[in-house]
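J.: Using the hints, position chain B against chain A.
First to last, the protein sequences are chains A and B. In this text, residue positions in the first sequence follow our numbering: the first is 1, and each later residue adds one. In this text, residue positions in the second sequence follow our numbering: the first is 1, and each later residue adds one.
These are calculated hints, taken from the structure and not from any lab test. Source: prediction; values computed, not measured. C-beta atoms are modelled at their ideal positions from N, C-alpha and C, and glycine is treated no differently. Check each hint, because a few of them may be wrong.
[Unchecked claim] What follows is a list of derived Cβ distance ranges for each label pair:
1. A:G46 - B:D197: 23 to 31 Å
2. A:P63 - B:N240: 37 to 45 Å
3. B:N240 - A:G88: 38 to 46 Å
4. A:A17 - B:R306: 39 to 47 Å
Number of protein chains: 2
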Amino acid sequence: MAVYTEVTDDALAAFLADYDIGTVVAFRGIAEGVENSNFSLRTTTGDFILTLYERRVDPQDLPWFLGLMEHLAQRGLVCPQPVHGQDGAALRQLCGRYAAITTFLPGVWPRRVRQSHCGPVGAALARLHLAGADYTPRRANALGPQSWRPLLDRCRDRANEVQAGLEHELDDALTRILAAWPDNLPVGHIHADLFPDNVFFLGDTLSGLIDFYFAATDLLAYDIAVCLNAWCFEPDFAFNVTKSRALLRAYVQTRPLSAGELAALPVLCQGAAIRFLLTRLFDWLNTPAGALVTRKDPLEYLRRLRFHLSASDAAAYGL
Amino acid sequence: MAVYTEVTDDALAAFLADYDIGTVVAFRGIAEGVENSNFSLRTTTGDFILTLYERRVDPQDLPWFLGLMEHLAQRGLVCPQPVHGQDGAALRQLCGRYAAITTFLPGVWPRRVRQSHCGPVGAALARLHLAGADYTPRRANALGPQSWRPLLDRCRDRANEVQAGLEHELDDALTRILAAWPDNLPVGHIHADLFPDNVFFLGDTLSGLIDFYFAATDLLAYDIAVCLNAWCFEPDFAFNVTKSRALLRAYVQTRPLSAGELAALPVLCQGAAIRFLLTRLFDWLNTPAGALVTRKDPLEYLRRLRFHLSASDAAAYGL
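Isolated chain A, as found in the complex (with noise of 0.2 Å):
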């Protein structure tokens, strides 16, 4: 649930007359994601989104992002795309905070995941992979294996005021995790947080992919291993290999995998839940108490790594 900064009527009107998409004509604040303030906007000629960035992004990234979604746009992704101002700026300021407006997608994110939205995700991830190659700038991921052991380090005193035991078994995992991480897959630009609320679909139609403020240049294998978290497993935390052989198929169709990519996949999958798993205890064990942001339980990626670290080979997911 997410307006942590509010935009009077007159910044507004004073910010779009920088564009030239006309006059407000609705304005509303979205209830969806967690990192920035997200408002509805619709003025005479059209809808769009402002977006303004708030806490975790950090401003010298933003023309990166920015770009990355003209630059998949440009190849056929349907992403949101930034509008430039008259000034030709897509990246501009309002109410003390770094702003854009993007176009506005159709579609509806899914609130319960069926197998039929599996396998457009894995199509859509990999033509995003394969649209991104010639995107020339590159963004360390803040958030890869090396900030792990940091991020462990920094919950450290608390953890076993989560779970019993949670610090000793996080060490244990990520000791092993690291050790086994691949140094020589491909590497491209992922999108690492394609959650379902990230994807939209009409029907069972893809419609779009939003949200792309933890993109980064990293091993594009990954991205899988998180969409493998993400979209496959269901409410009680079972593993769902219908659904996880559907996304990896229609992947491969797309962008095959080597060799070393299918090996790595329960190695990525494991990285991947800890990196959930650690974010989410950072914030459970520093959300102040009433704070907008609802907490969310760090111990739902516990259960998926423990599955992942259970996990010999690709023929677990299905392939």
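T.: Okay, now just chain B, sitting in the frame of chain A:
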């Protein structure tokens, strides 16, 4: 910030099948309103708001609210219109909640109130009062003066946690207000919650009123008193008599006030201040840590209450 209930795409599609408004094109939670879950819904035929009624709304009152909105709109007041299903019913069920679809209103609520907003608000309030005159069903005001003493009693033990001496100050004020409460003023249907976030503007033109879920049958002039509290204090809690004069003058041009209503303005304003003070105080003391709803500071209304207690007549409000 309010989306308390997640609506799955399956449930939404099934729900929409009972209407003649097409299929879903976009669906997003709205980060506004604290009582119900609101979603912005675009279908193949247009834009709508989907509301799921939560918590404080008594389901038995919903037909009255929806009926009032239809009645007011038929008499030219711009407010959301309930959309009827194929069976004629506007009030339906979705995800275990009562639910209704209403029409989408263009406009933006003013995050910062300017004097130019206040006249249109006064005029719209008067039109609402006249348009409601022949809506026969009545709804007692559950948050009217008879509710204030019991509400204070439920907060009494812990009121002084919020501010030293608060219990005593509220007891004194409430005794004074209830003793002076008028019982012979014109009665009608009031909005009872016409705060800036419930009034949409396009530029300086008022484009519609929303959120009738506190509406009730009560003293019409009490509704004016709510508006004077909601629209005419500056962020530092100074009363802006220029704003209140604009609001009142515009009101009386459409619906003249009787001598009795004018004379009662101070006590009605005191009552409106203590009503919002008490519900905020109750919420402040009873909102669990980590709740999605931001607690609003009850003491903002103590500042207003003190101003109104110092007002001796309608001249204090610019009339």
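J.: Confirm or reject each hint.
T.: Consistency of the hints with the structure:
Remark: the range hint 23 to 31 Å for G46 (chain A) to D197 (chain B) is upheld by a beta-carbon distance near 25 Å. Between P63 (chain A) and N240 (chain B) the C-beta distance comes to about 43 Å, which sits within the given range of 37 to 45 Å. In this structure the hint that N240 (chain B) and G88 (chain A) lie 38 to 46 Å apart at CB holds, the actual value being about 42 Å. Look at A17 (chain A) against R306 (chain B): about 41 Å separates their beta carbons, and that is inside 39 to 47 Å.
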